[in-house]
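Participant: Which chain is which? The protein sequence lines are A and B, in order. So our numbering is basically just the index in the first sequence, starting at one, shifted up by 143. So our numbering is basically just the index in the second sequence, starting at one, shifted up by 119.
These aren't lab readings, by the way, just hints derived from the structure by calculation. Honestly, I wouldn't trust all of these hints.
In silico DSSO-like cross-links for lysine-lysine, where the CA-CA straight-line distance does not exceed 30 Å [what the hints assert, rightly or not]:
#, chain 1, residue 1, chain 2, residue 2
1, B, Lys151, A, Lys243
2, B, Lys276, A, Lys244
3, A, Lys228, A, Lys209
Here is how the chains run, residue by residue.
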Amino acid sequence: MKIKFMITAIAGAFALFSMTASADGHALRVGVEGAYPPFSWKESDGSLKGFDIDMAMEVCKRLDKKCVLIEQEWDGMIPALLAKKFDTIIASMSITEERKKKVDFTIKYYNTPAKLVAKTDPGFDGTASGLNGKRLGVQRATTHQCSAEKLYPGAEIVLYATQEEVWQDLVAGRLDAQLSDSLQAYEGFLSLDAGKGYDFLGENLDDIECQGVGAGFTVRKQDSALRDQLSQVILDIRADGTYKALNDKYFAVDIYGN
Amino acid sequence: MTTEQTFFEYLVHVSENHSPLDFMLIADHLDKFFFGALLTLEITALALVIGGAMAVPLAIARAYRHRWLNGPIWAFTYVFRGTPLLVQIYLVYYGLAQFDFVRESFLWDPVLSSPWWCALITFSLNTAAYTTEFLRGAIENTARGEIEAAKACGMSKIQMMRRVILPGAFRRALPAYSNEVIFMLHSSVVLSTITLQDILGVGRWLNGRYYLAYEGFITAMVFYMILVFLISQGFKFWEKKWLGHLMPRAVESTK
Chain A
144 MKIKFMITAI AGAFALFSMT ASADGHALRV GVEGAYPPFS WKESDGSLKG FDIDMAMEVC
204 KRLDKKCVLI EQEWDGMIPA LLAKKFDTII ASMSITEERK KKVDFTIKYY NTPAKLVAKT
264 DPGFDGTASG LNGKRLGVQR ATTHQCSAEK LYPGAEIVLY ATQEEVWQDL VAGRLDAQLS
324 DSLQAYEGFL SLDAGKGYDF LGENLDDIEC QGVGAGFTVR KQDSALRDQL SQVILDIRAD
384 GTYKALNDKY FAVDIYGN
Chain B
120 MTTEQTFFEY LVHVSENHSP LDFMLIADHL DKFFFGALLT LEITALALVI GGAMAVPLAI
180 ARAYRHRWLN GPIWAFTYVF RGTPLLVQIY LVYYGLAQFD FVRESFLWDP VLSSPWWCAL
240 ITFSLNTAAY TTEFLRGAIE NTARGEIEAA KACGMSKIQM MRRVILPGAF RRALPAYSNE
300 VIFMLHSSVV LSTITLQDIL GVGRWLNGRY YLAYEGFITA MVFYMILVFL ISQGFKFWEK
360 KWLGHLMPRA VESTK
């Protein structure tokens, strides 16, 4: 009696296991961040919103797969992808040479320049010498960390886990300036109440070595089939006007870049 | 000279081509890890000294159920022992900075705007809370005979506290205190969440810069292991010195 029960239980467990395994084949597990408005943020009810999130949903729809969004802290994104916690990252990750040593990218899905933000008329300029001895905040493990350390060697670089914490400390007065994506800076900070009295400082960053050639979806190196599929989807979305609709929902300018 | 150089080149070659870890990258940034270790030790040690100094009077007041102080001290230790250190440090660092009156106060520029000070204040209060409670236990566990003997010698209450009760209580609290020191060192990783470059902060920096998670975190782990080893060896020595009379000892049979 007991043995029979055990066999049934084991068989049941196997059935359950194979069921989830086959369900995985129909799902695309996407790593997202959720702390980078307007590209991705979290509503008070816990749901995820933003350009990256809409992009992920559109991609899943076109691949005819169920979307499983998995939230991940930024500096653990690539390790989590390599550990197969998800299949692709759709989280405004820039395509850079340093990252290409570990992972692979689709073609870009947008490209916006990076720029400094500081108090309006801060009393220093946005050059290497202007930032000498200043406290410059960046989000850890971003292209901006790379650029900040390279372009402003005299500044004290302060690292944060999320971009939201960078804004908090800029407002608190713990930072003299911060470096981030200009569009994120405008939409997520400067255009809001919190950003009053703050402005861009200096010109768009010209640093292709650190900044890369735009943001793409990230996949593991061995998943070249998925990479090509995703690249094709980006081209399709761009071609049939869906991109423009998504773009205009969030931004006043075309963020695709040249 | 030449053999040394070729051996070094061989090491570089192995590290770059065959090793799962990029040892050369770790070696290049080892100085950062040493500075990180200094910061970890600095804040942990200062907090233990300040927290420890606060804990002695608090523990005495708790042990003798001081009429007005006992309740507030109990509440203080309850709050700090009952909540995670991460929440406490977020409240002090990000929470306080939200209020304009805090940012405009005279304390903001020299103290509260600095992550270093926020960490030191939070860590000191946290370790004071834990130390107060086990020191109180040690004081309450003073053998009745010792107190009677001290009274019989005509010691005043203060003399008795200074000469008999506290020295004994410190000895009895030593094993628990060694745990507290090691816990404090482990908890100090929250420093990296408020932008300080402690050992873990440097590990996270390395991961952020080169996208190599193992290199940064394994190096950090080795650093913490070395520190914990040194601390536990130190306490072993002190326990032998001051608690030796309580240890089981080998007795030669005299038959």
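Participant: Check the hint pairing Lys276 of chain B with Lys244 of chain A against an upper bound of 30 Å on the C-alpha distance.
Facilitator: 71 Å, violated
Participant: Run the distance test for Lys228 of chain A versus Lys209 of chain A: straight-line Cα separation, threshold 30 Å.
Facilitator: OK: Lys228 of chain A and Lys209 of chain A at ~16 Å, within 30 Å.
Participant: For Lys151 of chain B and Lys243 of chain A, compute the direct alpha-carbon distance and say whether it is at most 30 Å.
Facilitator: Distance ~25 Å between Lys151 of chain B and Lys243 of chain A Cα, so the pair holds.
Going down the numbered hints, you'll see the structure goes against just number 2.
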